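*Asks:* Since chain A is already given, all that's left is putting chain B on it; use the hints.
In the order they appear, the protein sequences are chains A and B. First residue of the first sequence? That's 1172 in the numbering used here, and the numbers climb one at a time after it. First residue of the second sequence? That's 43 in the numbering used here, and the numbers climb one at a time after it.
Simulated from the structure, these hints should not be mistaken for lab results. Treat the hints loosely; a few may be bogus.
Pair by pair, the computed Cβ-Cβ distance ranges are [to be verified]:
(1) Val1243/A / Pro144/B: 23 to 31 angstroms
(2) Asn103/B / Phe1274/A: 25 to 33 angstroms
(3) Thr124/B / Leu1223/A: 34 to 42 angstroms
(4) Gly130/B / Leu1245/A: 32 to 40 angstroms
(5) Asp1226/A / Ser122/B: 31 to 39 angstroms
(6) Leu1312/A / Ala180/B: 41 to 49 angstroms
Because the structure is a prediction, the values reported are computed rather than measured. By construction, the Cβ of each residue, glycine as well, lies at the ideal position given by its N, Cα and C atoms.
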Amino acid sequence: MVDFLWRALAAGLLLALVAGPLGCFVVWRRMAYFGDTLAHSALLGIAFGLFLELDMQLAVIASCVLIALLLVSLERRTRLANDTVLGILAHSALALGLVLLSFTRVQIDLQAYLFGDLLTVSGRELAWLVAGVAVAGLVLLTQWNRLLSLTLQPELAAVEGIAVARLRVLLLLTIAVVVAVAMKIVGVLLITSLLIIPPATARLFARSPEQMALAASLSGALAVLGGLAASWQWDTPTGPSIVVAAALLFLGGLTLQRRSAG
Amino acid sequence: MTTASPDHSVRRLDTATAATCDPRALLHLHGIDYHSGGRQLLLQVHLHLQRGQILTLIGPNGAGKTTLVKIALGLLSPSSGTVDRSPGLRIGYMPQRLQVEPTMPISVQRFLALSPGAQPADIAAALAEVGATRVADARMAALSGGELQRVLLARALLRKPELLVLDEPTQGVDLKGQAEFYRLITSIRDRHQCGVLMVSHDLHLVMSATDEVICLNQHVCCHGHPEQVSNDPAYLELFGRQGVQAMAVYTHHHNHEHDLAGEVVDDPDHVHGEHCQHRHGPSLLHNPRRGG
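Pulled out of the complex, with its shape left as it was, chain A reads as follows (with noise of 0.2 angstroms):
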């Protein structure tokens, strides 16, 4: 095979393994609003790496590690409900990030931004994939258990001893890398999706936390594969292929269920 499919199939597997789990908990805690705040926040980081001629995915790292902070913040001061504070934030982002890039002279692939190009992916972006994805598995290892508490009674998980407001913050945190390296292989406008359906396919069979977790793995990279392979076959956009065969998966996993059920 091709040097350029090989990075891309190493590149959406890695990032399948950590958003199954990762993505769990964008499930439970019902944070799918989150993500897409944080997603639609890294536009805003392009245009600004463009400007100050940063790195661009270090600048969208930036970005939405700076959003994520911004949101805990907002969240403490306003009276607000949450997701109209995420609505307010994830809409001034991305118009702010499309306003903003009207205004470099550089030429960029919009397109490529918002849908996502797997199969361009160069060697460098691979690298700061495989930093973004060792930092969250990291994360998701050593701090399971406690995540686990946090999400079903963070009182009882505070008193148990967990430092509760910092482990949210570094949830958040993690949720917030994992969108910014991710952004390239299926795009702004996609992220969410493969930390939303893999987890929603692995809940359908799963009978305990860990399982959901390998099994949305699992349905992740099942996903990418099919994506791909898709991609290869009829030439169709990369990120839209994987999201079109993550939902696929989905809805075989809940004919199967059905069908055992009935």
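*Replies:* Using the frame of chain A, we list chain B on its own:
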């Protein structure tokens, strides 16, 4: 008068000095004020709890019971006042509610294993102690109210607590289940010699299962030792007569307004005893012979 219940402050200060040298003391809250968003939620609350003692907080909705419990646990810091916990105090906490997301597949056993350091043998023992061995493999989201309550108690016991804190433990449990639960708490206290701080609505049920009751309505309205009091013939007579009405009397007597200092506002019908600025059904506990 600007401060509430001066009698109580004095009495409680005495115990406060005793608490510092008493090896049985677990928890001492002194002069707790708490306000949030411009609202005074707690005013000059004192509370003292010893090893082997069951202390129940009762009071109407919004009386600040849960806030006080959170302050005792260290989840909230009081606006003023001091919280003394005995050094290295191990607390088992049973929260008011636990809503397991239906999207999270987790069994009772796995849930209990999340308690830091819990071994499988400890989990089996804790489940046996609360009589919930049967649901060990059940899904958390599928438990009934009574089962969930026992599982939460088992999780609290896994801490090998010196202090057990239960926030409205019998919410959503039927009457028979509630009585059983209070018996269970008493037997746990007897076996482990831990202190128990619990919040309750069901005054008449809890009376037989507690050593001391604090009636809270932002400030401490009244407090007393039901066991001593209930041995008094005059009290027995009174309680026998009023027992059925206990809840009604209790609710009725909270139908008054307090100002921020805890004084009753504009209620000429209210009798003010010397222990409280106003009297409640249960405040008879202070002095049963004078009650009625």
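*Asks:* How does the Cβ-Cβ distance of glycine 130/B and leucine 1245/A compare with 32 to 40 angstroms: does it lie in that range?
*Replies:* Cβ of glycine 130/B to Cβ of leucine 1245/A: about 38 angstroms, so the range 32 to 40 angstroms holds.
*Asks:* The hint says 41 to 49 angstroms between leucine 1312/A and alanine 180/B; measuring C-beta to C-beta, is that right?
*Replies:* 28 angstroms, violated
*Asks:* At the C-beta level, are aspartate 1226/A and serine 122/B separated by a distance inside 31 to 39 angstroms?
*Replies:* Violated - the Cβ-Cβ distance for aspartate 1226/A and serine 122/B, about 51 angstroms, lies outside 31 to 39 angstroms.
*Asks:* If you check the beta carbons of asparagine 103/B and phenylalanine 1274/A, does the distance land in 25 to 33 angstroms?
*Replies:* 57 angstroms, violated
*Asks:* Between valine 1243/A and proline 144/B, does the beta-carbon spacing fit 23 to 31 angstroms?
*Replies:* Once the Cβ atoms are compared, 27 angstroms apart, the range 23 to 31 angstroms for proline 144/B and valine 1243/A holds.
*Asks:* Is the distance from the Cβ of threonine 124/B to the Cβ of leucine 1223/A consistent with 34 to 42 angstroms?
*Replies:* Violated, since threonine 124/B and leucine 1223/A (Cβ atoms, about 51 angstroms apart) do not stay within the stated range.
In this structure, the earlier hints numbered 2, 3, 5, 6 are contradicted, and the remaining ones agree with it.
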